[in-house]
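Protein chains in written order, with the working numbering: chain A, 1 to 478; chain B, 1 to 288.
Wrong hints could be hidden among the right ones.
[To be verified] Here are the simulated DSS-like cross-link-like pairs (lysine-lysine), alpha carbons at most 25 Å apart as the crow flies:
hint, chain 1, residue 1, chain 2, residue 2
1, A, Lys138, B, Lys125
2, A, Lys313, A, Lys409
3, A, Lys40, A, Lys86
4, A, Lys342, A, Lys40
5, B, Lys48, B, Lys13
6, A, Lys86, A, Lys138
7, B, Lys63, A, Lys425
8, A, Lys327, A, Lys313
9, B, Lys125, A, Lys409
[What the hints assert, rightly or not] To be clear about the criterion: a stretch of chain B counts as covered by chain A if any three or more of its residues have a C-beta under 8 Å from a C-beta of chain A, and this derived list gives those stretches:
hint, segment
10, 128 to 134
11, 249 to 263
12, 277 to 283
[Said to hold, decoys possible] Restraint-style ranges between C-beta atoms, simulated for each label pair:
hint, chain 1, residue 1, chain 2, residue 2, range
13, A, Met79, B, Glu104, 21 to 31 Å
14, B, Pro135, A, Gly145, 15 to 25 Å
15, B, Pro135, A, Glu269, 25 to 35 Å
Worth flagging that the hints you see were computed from the coordinates, not collected in a lab.
For each residue, glycine too, the CB sits at the ideal point set by N, CA and C.
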Amino acid sequence: MARFEYAPAPESRAVVSLRSSYGLYVDGEFVEPLEGKSFKTINPASEEVLAEVALAGAGDVERAVAAARRAQREVWGPMPGAERAKYLFRVARIIQERARELAVLESLDNGKPIRESRDVDVPLAAAHFFYYAGWADKLDYAGFGPSPRPLGIAGQIIPWNFPLLMAAWKLAPALATGNTCILKPAETTPLSALVLAEIFQQAELPPGVINVLTGDGSTGAALVARRDLDKVAFTGSTEVGKAIQRELAGTRTRVSLELGGKAANIVFEDAPFSQAIEGIVNGIFFNQGHVCCAGSRLLVQESVAEAVLEALKRRLGTLRLGDPLDKNTDIGAINSERQLDKIVELAASGEREGAERWSPSCSIPERGYWFPPTIFTGVAPSQRIAREEIFGPVLSVLTFRTPDEAVQKANNTTYGLSAGVWTEKGSRILWMADRLRAGVVWANTFNRFDPTSPFGGYGESGFGREGGRHGLEEYLDA
Amino acid sequence: MLEGRLAVNKTYKLYIAGAFPRSESGRSYPVRTADGTHLANAALASRKDVREAVAAARAAQPKWARATAYNRGQILYRIAEMLEERSAQFAEQVARCEGLAGTEAVLVVSASVDRLVYYAGWSDKVAQVAGAANPVAGPYFNFSLPGPTGVIGIIAPPDSSLLGLVSVLAPVIVTGNTAVVLASEERPLPAVTFAEVLATSDVPGGVVNLLTGRLAELAPVLAAHRDVDGLDLCGVAEQDAAALERAAADNVKRVLRAERSPEWEHRPSPRRMLHFVEIKTVWHPIGA
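Chain A on its own, in the form it takes in the complex (with noise of 0.2 Å):
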């Protein structure tokens, strides 16, 4: 096949102005943290440092929390649904008014692929907040009981994957149904929630009712450690997810947690069969696999195993992997050493218990952070690279004969986020559908999100939704 060169194609950093430091977010305005600690954050792709952040405190938690209760008493929680409806409004637009500049700035701070910060996280960010904006006057109908009223303050702390999105689907329930919230954004991608401070303030949200906590763990802990939240919310790993859980037991804090996720991506023989190649790709190379419900364990049927294979090898040899700003990149930069690290040491282990590794001939620049995609076959389930979550662009691919052991095999892990189902059976989806224990079901497609479409897990992958109208009861007394 004739291979075509492609020549550079970079989109324009010049949108994005950096400030060379960045303070905290408490009551609607920036101010220094009180214990005038900060830290960087660097350009995965290149290892340069964006920007000075500052670390949040036990002492800067107090003020947002003071913040963020005082207005959800005095303001928020009292505004009429509409009032409060058109500040999300305002804020969805602005987000698309900035989206590209939002969209560099991911790009830039997280190391993914520019295609997909501008075309899925910053647009899915917008409809976020223009999806829950409507239902903040709407709430009566929402199937909840009659007037069902706010928790208080909540908590959110977010993952560094989806930087931006992640802050639109934890702020825009929470907003909208009258609660106040305080937002730890993780400590590796603190940028575009720092932006998005500054669209609240164009937006003249009233002090308070968002504050942005930039920091590290120990940020995040001393927010969860107060045991006041009405309401804690968190995506990331499940073992800080089992941390919170056991720190706010015995507590009235509402919890809710978005994990880690294995999914298995089921492949019938009689699967439209280019489409679930590119949905394989696009289930665990998407984000660098830096994806919760990435399909990362591929289960494909016997009959069909080589040809699929040998499908997928020569679709791998299509990526291109380098600069995050390029727009012809499909992989772009791991996000830190240290995820990086987690990658190689997982990827080593799967070759040491017995698994065939491959990855295609791809040049890896010589700065920043990078990891080929990869295919480990010949996989036992009793491997750690079949049972553990990489968080990578690693792809485990296991076998099976039968519906009932493609099912058996899916269900056999701790976790329980996503699932794929490929076959053109139509009472076979709605057959695995059912007994697939998976918060989300991608039949003949996978990774696809929409606000109006719950998403969480069963298991070890968290309880609670987001999007959709369920998603407004984990901020709702109800």
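Let chain A serve as the given structure and place chain B on it in line with the hints.
Just chain B, lined up with the frame of chain A:
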């Protein structure tokens, strides 16, 4: 009663996998009336009995979940029928265990029957109320349905030995979950007799498993069990809740926290039922 005839007393046992075994530990404990009179010896379940009960609940869960909603509704209604028929027996037992006047106990039993009828009716409505077709922005059909969480551990209310029990059990099983119930420690007898109702109401074995014994011994095992998906702490004293919730976090159980003096005679809401369902969302492309 005939003059001089000795009554034949019932042995109160556990209810596991549709059978009535004694505790594997061979132990029992005395149960007394509200004013201290000895009523019977109840089985003192062990940690191993908890594990057996969880295994039975897990084994029964897939089939119960896949019974049609109509079928589950009829079975819950059948439980109500069987309870109604034995009202007099339950009224007497509840009166003795809870120290209620006879008329009060009759009301408690009637309310328990009505509670079962209430939840029986939910079986084929919950998916319509809690489910949705979601208008996603793209060429996909997308729907969400509530499904059972799996195996639920229930610590039944300590005071309300029948109405409280029914009020926490029915919302769990109506959606296709199976249950391991720790009965009221001090007032376990109505629960054991209720298990006899379950056993004669077409409830498949293992769907409800009921243990009597010491909460301090059994609850931590149930809370920490890795094959239990959810935990209803209704009957737990406030000071004991934190430790059980911490244990439940080991496998991220869904926990329904202890309530302060719930009033069981009030009309329930679907809240308890919806706490132990998982919303599953399915996407499929639309195309010609």
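Quick rundown of the hints versus the structure:
1. A:Lys138 / B:Lys125: The hint holds at about 23 Å.
2. A:Lys313 / A:Lys409: 23 Å, holds
3. A:Lys40 / A:Lys86: 36 Å, violated
4. A:Lys342 / A:Lys40: 21 Å, holds
5. B:Lys48 / B:Lys13: Holds. Lysine 48 of chain B to lysine 13 of chain B sits at ~15 Å (cutoff 25 Å).
6. A:Lys86 / A:Lys138: Holds - the C-alpha atoms of lysine 138 of chain A and lysine 86 of chain A are around 13 Å apart, at most 25 Å.
7. B:Lys63 / A:Lys425: This hinted pair holds, its Cα atoms lying about 24 Å apart.
8. A:Lys327 / A:Lys313: OK: lysine 327 of chain A and lysine 313 of chain A at ~23 Å, within 25 Å.
9. B:Lys125 / A:Lys409: Violated, because 32 Å separates the two Cα atoms, which is more than 25 Å.
10. 128 to 134: holds (count 4)
11. 249 to 263: Satisfied; 6 residues make the cut.
12. 277 to 283: holds (count 6)
13. A:Met79 / B:Glu104: 21 to 31 Å: Between methionine 79 of chain A and glutamate 104 of chain B, where Cβ atoms are some 47 Å apart, the hint is violated.
14. B:Pro135 / A:Gly145: 15 to 25 Å: The hinted range 15 to 25 Å holds for proline 135 of chain B and glycine 145 of chain A, with Cβ atoms some 24 Å apart.
15. B:Pro135 / A:Glu269: 25 to 35 Å: 33 Å, holds
In terms of the numbered hints stated before, the structure departs from hints 3, 9, 13, listed from lowest to highest.
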